Amino acid sequence: MLPKAEIAHWLAASVALLLGLILLAEVIVGPEVFGRRRWRAYLWPFVALVGGLGLWVVAIFSTFSTMHLVAHAIWAESAMIAGAVQLAVVRGKLTSPRWSLVTAAALFISGAAFLVHEQNSWLFSRSAFLHHTIGWSLVVASLFPLGAALRPRRAVWSTGFALTFVMLAVMLYSDRDAAPIFGHFEGIVSRR
Amino acid sequence: MKRALALGAAVAVALTLPAVAAAHATIVQAIPATQSKIESPPRQILLRFNESVTGSSRAIQVFASDGTVLSGTTRFTEGGRVVVAAVSRLARGSAYTVRWQVTGQDGHSPAGVYTFGIGVKAPPPTEAVGASGTTWKDDAARWGLFAALALVIGPLLFRLVILRGAVPPALEHRFHLLTTVAAFSVINVGIAAFVIRASNALQLPFGDLIYGDLQPFADKTRAGEAFLVMTVGFATIAGLLLLAWVFDRFDLRWPALLLAIVLVSGLSLSSHQATEPNSSKLSELADWLHLVAACVWVGGVVTLAFCVWPLAPELRRKAFLGFSQIAVVLVGVMVLAGAYLALARLPELSDLWQTHYGQLLLVKSGIVVLALSWGGFHHTFVRPRLEAGEQPNVRPSLVGESLAALAVLLAAAVLTNGAPPPVKPSSGPTVAPLRDSR
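Residue numbers (numbering that gives the first Met the number 0), protein chains in the order written: chain G, 0 to 191; chain H, 0 to 437.
Isolated chain G, as found in the complex (with noise of 0.2 Å):
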């Protein structure tokens, strides 16, 4: 039995929306309140590591081809790398900003995997379009963990790293394969 893509994607989106939420939350609070109760600061890297886990489930339904079954595993691998590192990272085992970077690598790498399992061109389909819009969201996504590492007090990335898995919940929330690229928008438009 194979579930609908849909649900994959829905369910990851999901998980890109709490990250992303909890994320957003800490910035729009800031650290210092948002670490007042210490569970907090392990919400995210531990949403991360289950998260990972849960794609390797996607993953072994994905045999439909070699391409998808590559590009979830490295999907799951990169989730789970990034969220136990930075789970070491807050619980004090990591000490150095600099294992921000390995956040950054497993955004590009996971943004990576997105470009190369599309082989259509951007305006091909809406999975086209959100396959090469997510890849590079990712890849520039990982610019935030990357100056994090370097210049650690900017909220201008925590910031930019909240907003990546918001907009990477919605962008999978539309991933409807061959559905019209911009959905209803479409229709207006050619109406007139």
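To be clear, the hints were calculated from the coordinates, so they are not data collected in a lab. This structure is a prediction, so every number in the text was calculated from the model and none was measured. We put the CB at the ideal spot given by N, CA and C, even for glycine. Hints are not guaranteed to be accurate.
[Unchecked claim] To spell it out: a stretch of chain H is covered by chain G in this simulated footprint if at least three of its residues, at any positions, have a beta carbon under 8 Å from a beta carbon of chain G; those stretches are:
#1 183 to 189
#2 209 to 215
#3 238 to 252
Start from chain G and add chain H according to the hints.
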């Protein structure tokens, strides 16, 4: 600014609203079904896809076991969702191979292969007409898988049983790093091994292999099922090991070790010892014990040489003597289980030198004797000196034994991928008459 925000929100809403949707082009129904056993010859092969597809007049080809093409021109019906090819001269008592390739709406060209039998059980897709059989790539991947398994199980058991209690931080760190990297390696090498195995049957150029349909291999072979379970299982193990490291919860290593030992059975339940006509529950159990003992032994020797010896001189004696005790049991299990399995696969003594499988077994046995002699030398000459409180420099020798142990795994990988000579079914209930290789 407000207008820009409103426009962005509108685009987001428009994108997420329901609209026509379809998945990647995949088969939702095949008649005859994948790996099915049917009673009478069909007149056509029908593949129903989840979206409309296109393709050439030879999008579906059906092959007899001698390679003869038995299919006619392919037709696309029901708006391209159904692909049909008429077939003729199919006979009861034979198995047939279906190869297909279409182009989906997204422009990708998925392709696949499957088998069905008329009055007989269909062979696995790995034995489809045109499949190449195993190559050196399969051997390399299997070797990597064995080595990664050994580096999960061996160090974990070493840390939990032989070196219980506190150890120097550097050694603890090495244990964490080694086992976690090895757990991820099991998954990654497992994926590579699975894809290589499927590619031998699909016989597609790389550009097409990336869209090759792996589902018949994942769902319809024992090795595929073992791959799926082991992938999720070792991801869980990796998660447990990462949490053990982050939170210093070393007790999480126990479920990781036990789960790894259980998951090794996936290889045994899909090996010759489970799929040959004379296989039995006992041969599956023997194979599992053989593999677990080998993993503990190889992983233990590597742990001793590359973790304990360089990083914890004060623990060398305890580690060496503790492992030495366990190694005697391990060698006993390996030799007994291995001998039983060799007898099951090669009932005639002459099979040892007259068959390719037997010759491989002889080579493997030679390397095992070398590695065990090396271990015996350590047991006989180094152990008494350590017990007497001396600090002999045996690290080079331990590294040598580690390399010999890894060579044993290579020989085991080649042997596992080899085809044993045909044997008669045992008196008990039998499995498939056709081999689900590995």
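These are the hints, each one checked on the structure:
{"no.": "1", "hint": "183 to 189", "result": "holds (count 3)"}
{"no.": "2", "hint": "209 to 215", "result": "holds (count 6)"}
{"no.": "3", "hint": "238 to 252", "result": "holds (count 6)"}
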